[in-house]
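Novice: The chain contents come next:
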Amino acid sequence: MATSDLADALGRRPGQPQKRVLAISSSGGHFTQLMRLSVALSGHDVTWVTTNEGYRDKAPPGSFHAVRDASLWDKKGLVVMLAQITKLVLTLRPDVVLSTGAAPGYFAIRVGNAVGARSVWVDSIANAEQMSLSGQRVGRYADLWLTQWEHLAQPDGPHYCGSVL
Amino acid sequence: MKLFVTVGTQLPFDRMVEAVDRWAADREVEVFAQTGPAQYQPRNIRHQDFVDPATFDREYASADLVVAHAGMGSIFTALELHKPLIIMPRLARFKEHRNDHQRATADRFRQTPGIHIADDEAGLLGLLSNLQALTGPQGEFSPDAQPRLLQAISEFVEDQQRPRRRTRLWRTLRGVR
Chain S
2 MATSDLADAL
12 GRRPGQPQKR
22 VLAISSSGGH
32 FTQLMRLSVA
42 LSGHDVTWVT
52 TNEGYRDKAP
62 PGSFHAVRDA
72 SLWDKKGLVV
82 MLAQITKLVL
92 TLRPDVVLST
102 GAAPGYFAIR
112 VGNAVGARSV
122 WVDSIANAEQ
132 MSLSGQRVGR
142 YADLWLTQWE
152 HLAQPDGPHY
162 CGSVL
Chain C
501 MKLFVTVGTQ
511 LPFDRMVEAV
521 DRWAADREVE
531 VFAQTGPAQY
541 QPRNIRHQDF
551 VDPATFDREY
561 ASADLVVAHA
571 GMGSIFTALE
581 LHKPLIIMPR
591 LARFKEHRND
601 HQRATADRFR
611 QTPGIHIADD
621 EAGLLGLLSN
631 LQALTGPQGE
641 FSPDAQPRLL
651 QAISEFVEDQ
661 QRPRRRTRLW
671 RTLRGVR
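Those sequence lines, one after another, are chains S and C.
Every letter in the first sequence is one number past the one before it in my numbering, and letter 82, counting from 1, is 83.
Every letter in the second sequence is one number past the one before it in my numbering, and letter 67, counting from 1, is 567.
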């Protein structure tokens with residue numbers, strides 16, 4: 002199906018209220034996967050966030066923010082990233098947080114929870130043998146907790162609902 | 501012949517970069533490598549530790565062949581652009597990643613035409629020795645996820661019934677006892 006037909010079938014339905022959505026992930030493959038979900042958000046007010054300013058022109062419709070990049074080994078960077086994401090979530094007050102991965106998504110879902118946002122975690126398709134570290138840890142905080150691998154699904158989550166590929 | 505080599509956005513992958521650099525020494529090829537924070541200094545190829553997404557796209561599109569770590573970003577781009585791609589998985593035993601998930605990714609794409617798997621340096625050199633024969637992925641590649649996944653997310657976003665988690669902090673912020 003062409004993207005525009007999908008947007009009609011999947012985006013906001015007529016008469017439904019527009020939601021504020023925070024779509025957030027680290028850059029690279031995670032953000033590529035996140036953008037492949039964009040058609041499900043069409044018609045809503047989406048803010049795209051990743052760790053590299055260079056994605057501004059590639060990001061789907063909506064507003065765009067870049068936050069500090071940091072891995073688990075870079076504690077100082079993580080603190081800066083958490084502060085930026087906290088500020089963003091408190092300002093934006095999203096209805097829904099959607100993430101495909103890693104530290105930025107984990108932080109946004111945790112802070113989002115505190116202000117009443119509902120959350121979706123779609124674990125990266127790269128994690129075929131076990132959930133990512135952040136994916137495992139975010140499980141109890143995500144309202145919809147998904148893996149892209151059927152054999153990793155469990156009755157209490159993560160659940161399997163197809164993949165980005 | 502123009503090659504683009506990429507190791508992704510975070511970690512170095514010297515084993516792959518060094519193999520390509522040595523291979524390129526006595527050959528008529530133009531190679532540009534994005535190497536990450538590498539220890540190994542390539543001698544025979546143009547290289548840079550990181551590139552911005554626009555440069556990545558430009559180098560990827562203008563290359564005849566891409567050699568990449570087995571990361572999803574590189575794979576999606578190859579499928580989109582129908583670009584011949586060699587992927588080599590990072591291995592935990594060489595401290596190239598936390599675990600061996602890239603080996604699983606490589607296995608996942610072993611049957612995909614146009615994605616060529618190099619399990620190690622020898623496999624990489626084997627593929628490079630016959631690079632004229634490496635084809636790219638064929639057919640239409642959708643820019644969207646599977647409809648089933650999109651549907652689940654779309655419904656979740658619109659769901660009026662599903663209660664938000666209301667935490668103590670939220671109630672405090674709103675002044676509710």
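Be careful, since some hints might not be right.
Unchecked claim - With a straight-line Cα cutoff of 27 Å, these simulated BS3-like cross-link-like pairs (lysine-lysine) come out:
#1 S/88 to S/59
#2 C/583 to C/502
#3 C/502 to S/59
#4 S/76 to S/88
#5 S/59 to S/20
#6 C/502 to S/77
#7 C/595 to S/59
#8 S/76 to C/595
#9 S/88 to S/20
#10 S/88 to S/77
Simulated from the structure, these hints should not be mistaken for lab results.
Source: prediction; values computed, not measured.
Novice: Can the restraint linking residue 502 of chain C and residue 77 of chain S be considered satisfied, given a maximum Cα separation of 27 Å?
Specialist: At roughly 39 Å apart (the allowed maximum being 27 Å), residue 77 of chain S and residue 502 of chain C break the hint.
Novice: Next pair to validate is residue 76 of chain S with residue 88 of chain S; report whether the Cα-Cα distance is within 27 Å.
Specialist: 19 Å, holds
Novice: Within a Cα-Cα threshold of 27 Å, do residue 583 of chain C and residue 502 of chain C meet the stated pairing?
Specialist: It holds: about 12 Å lies between the C-alpha atoms, which stays within 27 Å.
Novice: Are the Cα positions of residue 88 of chain S and residue 77 of chain S separated by 27 Å at most?
Specialist: 17 Å, holds
Novice: Given the hinted pair residue 88 of chain S and residue 59 of chain S, is their Cα-Cα distance within 27 Å?
Specialist: Status holds; Cα separation ~24 Å.
Novice: For a C-alpha distance cap of 27 Å, please report whether residue 595 of chain C and residue 59 of chain S respect it.
Specialist: Not OK: residue 595 of chain C and residue 59 of chain S at ~32 Å, beyond 27 Å, violated.
Novice: Would the hint linking residue 502 of chain C and residue 59 of chain S be met if the CA-CA limit is 27 Å?
Specialist: Cα-Cα ~25 Å, so holds.
Novice: Checking one constraint from the list: CA of residue 76 of chain S to CA of residue 595 of chain C, max 27 Å. Satisfied?
Specialist: Holds - the C-alpha atoms of residue 595 of chain C and residue 76 of chain S are around 20 Å apart, at most 27 Å.
Novice: Given the hinted pair residue 88 of chain S and residue 20 of chain S, is their alpha-carbon gap at most 27 Å?
Specialist: Distance of about 19 Å is within 27 Å: holds.
Novice: Does residue 20 of chain S lie within 27 Å of residue 59 of chain S when you go C-alpha to C-alpha?
Specialist: 22 Å, holds
The structure fails hints 6, 7 (numbered hints given earlier, in ascending order).
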